[in-house]
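**Student:** All chains should be modelled from the sequences, with the hints used to inform the complete structure.
These protein sequence lines map, in sequence, to chains Y and S.
The opening position of the first sequence corresponds to residue 0 in numbering that gives the first Met the number 0, with each subsequent residue numbered one higher.
The opening position of the second sequence corresponds to residue 0 in numbering that gives the first Met the number 0, with each subsequent residue numbered one higher.
Don't take each hint at face value.
Said to hold, decoys possible - Take a look, some chain Y residues computed to stay more than 12 angstroms from chain S by CB distance: (1) Pro65; (2) Glu66; (3) Ala69; (4) Asp76; (5) His77; (6) Arg81; (7) Gly86.
As the list claims (entries may be wrong) - To spell it out: a stretch of chain S is covered by chain Y in this simulated footprint if at least three of its residues, at any positions, have a beta carbon under 8 angstroms from a beta carbon of chain Y; those stretches are: (8) 341 to 353; (9) 429 to 441.
Derived from the structure by calculation, the hints contain no laboratory data.
Beta carbons are placed, not taken as given, at the ideal position from N, Cα and C, and that holds for glycine.
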Amino acid sequence: MLSRRQTLTMLGLGTVSTGLMLGAGGLWLDYRRRWETPALAQTLFALLPDPDGAAALGALWLARHPELVASPRALPDHLAARLAGHGWVAAGDGLAAMVVAIVRDEFRRGQVEDVQGWRLSEFQAALCGLAYHMTSLPRMG
Amino acid sequence: MFIDGRQVPDGTIIETDIAIIGAGAAGITLAREFIGSQRHVTLIESGGLEPDEATQALYAGESKGVDYPLEAARLRYFGGSTNHWGGFCRPLAPIDFEARSWVPHSGWPITRATLDPFYARATTICQLGAGLTAGDFDDSAAWRLRAGGKSLNWQSIDLPGDDFVTRFFIYSKPTHFGEAYGGEIGRATNITTYLNSNVTEIVPDAAVQRVERLTVATLGVEGHPGRRFEIRPRMTILACGGIENARLLLLSNSVATEGLGNGRDLVGRFFMEHVHVPGQIALIALDARARIATGYDEPQVVGDAEVRAILMPSDAYLRREQRLGLNIAIYPQRPVAEGSDAERPVEAGVLGLLRLPGAPDATVAGEATLFGASCAAEPIPSPDNRVTLSTDRDALGLPRTRLDWRPLPVEQRDLARNVDALARNFGAWGHGIVRALFTERPDWQDEDIGWGNHHMGTTRMAADPQAGVVDADCRVHGIDNLYVAGSSIFPTGGPVNPTFTIVALAMRLADHLKSRKLAG
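**Tutor:** If you want it as structure tokens, here you go:
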């Protein structure tokens, strides 16, 4: 089993990863005390069957979206806003189905991101970005 | 009867009703149609019954633009290029015959409906199976019915929307026309085939309204000079292939100095090839192998027919997006989990996205699988892609072919956008995520350009003599007794292999010729 760092290095993402951290300036180091991960983001993260794989995609995607690492809340807020735009009002059992519906709808509308050639829906890409965020957080406790 | 042209005495004059120049798919189909008729047919073939280097070398030429293998892309002996045919058969679609505002110079003077009965007849000569119709190439239900209740591993990919649809290639054995039909042509009492005989010029009358004679030359053998003789036909059909048809018309310039049928500088122009991108245009990660039936990745035998499914953009999509056509073959590569160390993490992420909880119908069996997608793309007819005569000469002393061909940037753009559309459709389906390997660029890169040995368009068909070399009956505009057969008459090439259409058009031409009185 490869460690996360080994995986990212293999992907040539070590630099990206470091860059993202530096790009976020001092904010990165403040995660432990400043970012209480929103419950919704935690719930979304829990949907991912392979968080490390998603994080690998997310690192690639975030490298082209510095605005989403400029603030620790930016990406969770971005995802929350997209869910709200589709009528999501509260966490619950329907979230997984809602995500699947959003993804299919985005593909239908052509709201697609290019991640190393892989054509992901915008929400899928953001979800992967979230995976990167979450797996990069300093471990608590 | 077969006669070796090298045995014909110099200066011989041969009279015949119908001369067919070239014994490939078109020429042999035409000749067969006249077996047993009252008309005498002379079939003239440059090569013998087997390939030989000296004859094949007559195909060598000069290529500009894409470095095109003029000699290897065609075969010059009895049976012609069917001797290396892959056997892929599929008719052009109705939309391929239409004048489309987004495809310059598009539009045939005939419709698909005109060709349907000939496509049905072509299934027999191409040995596709008994009782097939043109509609069978589009209808998956028909194949389930033909399976006669037996288990046919068949389930069309049910992509949402109507952008991409499942269509079919039906495979010829492949039929090598020389081997398959040489016996009956040889036995036919009204057909004489001259082998090793090269038509060097089609000579018209002084008014350039009728063909009077064909000059024929053979290559010299072991120090002996080649022979020269003449054929005087009442009707001539040029059937030498998509490049050589144009070359021979251009070489026929002793009376019409610009070349025969070339009064409007159209002969040789509008050359088309189907770009086959080497390798793959996309990878498709599927959550389960069984999402795509094996009928897509390998031919299925149904009765006496062999069928393979492909994906094609629907007519509705092509009209809405104003795109060029495409045929996409898909085939399994490997389980998603078995990529290289560099691929595995990202592909694991992709697989995770396919297996998010809440995905419908997540119970299909089989491991997650990566499929490859390859394609052949419809070309745009461009007057700048053309066959002309080189300053180099061949062993007969004739100017060689010069081919200028480079696919247009818009063809690159369209193909890349079609790949993106494929990705959107698989994504919306929910069971697949696509990695686009062919992406939009300002122009083609050399490594993106492969071809199918499909030579089309150089004597294009048009009702208006200002727009084409032959009319809707395949007759050269302005010349009463000269016809052209083969893919050189295609005004557009669609996205599928041309042989099946070549055969259908040759059968239609045969019917037309049978209905004509022979003058002279």
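**Student:** It remains to establish, for every hint, whether it holds in the given structure.
**Tutor:** The hints, checked one at a time:
1. Annotated as non-interface, Pro65(Y) keeps its C-beta farther than 12 angstroms from every C-beta of chain S; the closest such distance is 21 angstroms.
2. At roughly 22 angstroms, the least C-beta separation between Glu66(Y) and chain S is larger than 12 angstroms, which holds for a residue marked as non-interface.
3. Distance check on Ala69(Y): its Cβ is at least 23 angstroms (rounded) from any Cβ of chain S, clearing the 12 angstroms threshold; non-interface status holds.
4. With a least beta-carbon separation of about 21 angstroms from chain S, Asp76(Y) lies farther than 12 angstroms from that chain, consistent with its non-interface assignment.
5. Residue placement check: His77(Y) keeps its beta carbon more than 12 angstroms from all beta carbons of chain S (closest about 17 angstroms).
6. At the 12 angstroms boundary, the C-beta of Arg81(Y) stays outside the reach of chain S, the nearest C-beta of that chain being 15 angstroms off.
7. Every C-beta of chain S lies more than 12 angstroms from that of Gly86(Y), the closest at about 16 angstroms, which supports listing it as non-interface.
8. Proximity of the region 341 to 353 of chain S to chain Y, defined as three or more residues with a beta carbon under 8 angstroms from a beta carbon of that chain, is established by the 10 residues found.
9. With 7 residues bearing a CB less than 8 angstroms from a CB of chain Y, the region 429 to 441 of chain S meets the requirement of three and the coverage assertion stands.
Of the numbered hints given earlier, the model fails none.
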